[in-house]
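Engineer: Spelled out, the chains give:
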Amino acid sequence: MANQAHAHAETLALREQFDTAEQQKDASTLGMWIFLITEIMFFGGMFLMYTVYRDTYFPVFALASSSLNAVIGAINTAVLLCSSFTMVLAVRAAQLGQRNAIIIFLILTLILGIAFLGVKAYEWNEKFQEHHVPGPTFHLEGTGEQGQAQLFFSLYFAMTGLHALHMVVGCGMLIWLLVESRKGRFTAEYMTPVDIGGLYWHFVDIIWIFLFPLLYLIDRHLGK
Amino acid sequence: MITAAAQEREHYLNASYGIKSWLLTKDHKRIGLLYLFTVTLFFFIGGAFATLIRIELLTPQGGLVSSETYNKLFTMHGVTMVFFFLIPSIPATLGNFFLPMMIGARDLAFPRINLLSWYLLVIGGLFALFAMLAGGVDTGWTFYTPYSTTYSNTWVIATALGIFVAGFSSILTGLNFVVTVHRMRAPGMTWFRMPLFVWSNYATALIQILGTPVLAVTMVLVFCERVFHIGIFDPALGGDPVLFQHLFWFYSHPAVYIMVLPGMGVISELISVFSRKPVFGYSFVAFSSVAIAVLGFLVWGHHLFVSTQSVYAGMVFSFLSYFVAIPSAIKVFNWTATLYKGSISFATPMLYAFGFIGLFTIGGLTGLFVAALGIDVHVTDTYFVIAHFHYIMVGGTIMAYLGGLHYWWPKITGRMYPELWARLSALVIFLGFNLTFFPQFILGYLGMPRRYHVYPDEFQVLHVLSTAGASVLAAGYLIPMVYFVWSLRYGQMAGANPWGATGLEWQTASPPPVHNFDEMPVVTHEAYDYTTVLGEVEVG
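Residue numbers (my numbering), protein chains in the order written: chain H, 11 to 234; chain F, 454 to 993.
Be careful, since some hints might not be right.
What the hints assert, rightly or not - Derived coverage of chain F by chain H (criterion: at least 3 residues anywhere in the stretch with Cβ under 8 Å from a Cβ of chain H; other residues may be distant): (1) 554-562; (2) 666-677; (3) 688-697.
As the list claims (entries may be wrong) - Below, computed lysine-lysine pairings styled on DSSO-like, alpha-carbon distance capped at 27 Å: (4) K35/H with K137/H; (5) K794/F with K730/F; (6) K479/F with K35/H; (7) K479/F with K193/H.
Keep in mind that the hints were calculated from the coordinates and are not lab data. Treat the numbers as computed from the prediction; the structure is a model and nothing was measured. Built from N, CA and C at the ideal position, the CB exists for glycine as well.
Go ahead and model the full structure; you've got the sequences and the hints to work with.
Structural biologist: Structural data, given as structure tokens:
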């Protein structure tokens, strides 16, 4: 039985190491979940550092946190949540085999992803003008502990930067999915890349859902 | 010698030719061999640094190289051996080659990712090699801050990048193994019919997946700290250098188990085959691998007993470290119990297995010494620690690696290695190893610190003994290099199952066909059921 399945020529929908399309889909999905676990550990290191320093230098971190623009952060959160919604719709369209709908929803997701990055770039630019970028010209008003304040912004840039890098990778992935769906690669029977691409996109979204309150919101009022 | 039929049969080695057929291969067996060449190369590079270290330590005055050069030598020895030899050694070579075969799969779940992971190791290795050739790096393989981030004037960035990239190679191998074990097992291959080598590689893969990303992000921050001076680990800005140590050891202690767990899996296979008995307490041995992987994540603080870590944390970490002894001892006792009333053969792989058990036991027991708070303060950063982890890494892992390589060599190449030479070299390695590292226990206990090349005269005798042992050990490692290459052309042809073993990898031709099995296997028995092996044993 197994050999008969194997006797078929290798196609995208069934690579030669697998016996059935179902086995292949299960393997790909599990592979993506495990990859996301490694990503959680990767970001986890930074979350740990942020937590430790926030605890150690609480007053300065609260002050630095209150200097961030929460409105822009909230807008970006909304943009990203919408992009996750359109991504779900793309996956749904793929399950139903609606090629045009996949393309439309992928484009929408891509636009929202790029919008997020655009807002992020604007926000970073603001930090440059306010001298909130770690370096020789760094200065945060209202505290004598410039080193600790700089530590906050180092972590802010490292974490949001790493997140943005994941967004860029995600946008690249969306473009690839778009090209492939225009070729009609994805059908109701074979849509694994859209499915696991969606998993990745939601993961990047969720990281932001943790970053936003951690950096912008918690105990913000104490820093005013 | 070679029969016409054997020449004509297509297998993974002769199915295609040319450099492209290797560099673009998706066959897990060929990728395993690519890894074999790569890690062997790094083993000899790391060995060259070790040689220079041992020659330098012949005399107490430290006349051969300057202190700065000596710092670079032990750093590059450690970096090469840990990140580019020991971590990929057994999983990426033997695991890559045999894990899919042992569970009856045609390949790993993601062959292209498998090839990618080899390229990542090569790219990471090239970064590290570049750093070595450009002038070296002197931070120690542990990259402690703030020295590595602020003060060192050597090639820290290139080396850190190399480790970062090689880390992703390790992550992807682990990911591939976990998915393969979950999704690719042949019909009838239940979890508790899997060979113990698969179990131990599975446990290893869990550590690779969960631990390596933390090292990666730590290396990213060391990189950022050096380039942008962002202050995460810089006390001048309020950063905490000890936080680096926590993050580094959160990976690097479990990494020790990445290095030794696959070796334990090899030993389980060898002990069973060469005493022709099922492994005693199979499920205990299987779960002890998982237990070691889990406990490995809870003990990193025992590397920080002399740092600013609180004494209470130290006590907890000390206590938890003792727990690791339980699954480790289960393995050793169960291997020994497997031997009981077995039909024991002293073929070369078994000699390595015996070597492993003895040396790992010494390494493990001295591990308890250094896990004890009081003793550790006395022996921290001395040769006692050096001797302890070399008993695990060299006496354990490399013994198992060589044992496994001999055991599976007929399957990989279709040829036997020369048994007499192999037994001789196993003996030479065992003697050379003990002569090299046993004196270091005494040196360390007497107070010889690690990472120093000038030392008091009274330590010279022990250092000379150690260097003499290292020469013997080096000879022991070179002999297999020669006869393995020799056997590729002149070795006796091996049948499908020269050891009379039970694993699925032995139920197909040697060397295996491209898709491993001409007919997909169906598993009906537990692992190590020797009543099912009908063929006679050819060797041993």
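Engineer: Does K35/H lie within 27 Å of K479/F when you go C-alpha to C-alpha?
Structural biologist: Roughly 19 Å between the alpha carbons, so the hint for K479/F and K35/H holds.
Engineer: Given as covered by chain H, does the stretch 554-562 of chain F meet the bar of three residues or more with CB within less than 8 Å?
Structural biologist: holds (count 5)
Engineer: Taking a Cβ-Cβ distance under 8 Å as contact, does the stretch 688-697 of chain F have three or more residues in contact with chain H?
Structural biologist: This one holds; 6 residues, not fewer than the three required, reach chain H with a Cβ under 8 Å.
Engineer: In terms of beta carbon proximity below 8 Å, does the stretch 666-677 of chain F have 3 or more residues touching chain H?
Structural biologist: Coverage by chain H holds here, the residue count being 8 at a Cβ distance below 8 Å.
Engineer: Would you check the hint for K35/H and K137/H, treating anything up to 27 Å between C-alpha atoms as holding?
Structural biologist: violated (44 Å)
Engineer: Take a quick look at whether K479/F and K193/H sit within 27 Å of each other, Cα to Cα.
Structural biologist: Roughly 26 Å between the alpha carbons, so the hint for K479/F and K193/H holds.
Engineer: Hey, K794/F versus K730/F, does the alpha-carbon distance stay inside 27 Å?
Structural biologist: Answer holds: K794/F to K730/F is near 9 Å, not above 27 Å.
Comparing the model with each earlier hint shows a violation of hint 4 alone; every other hint is respected.
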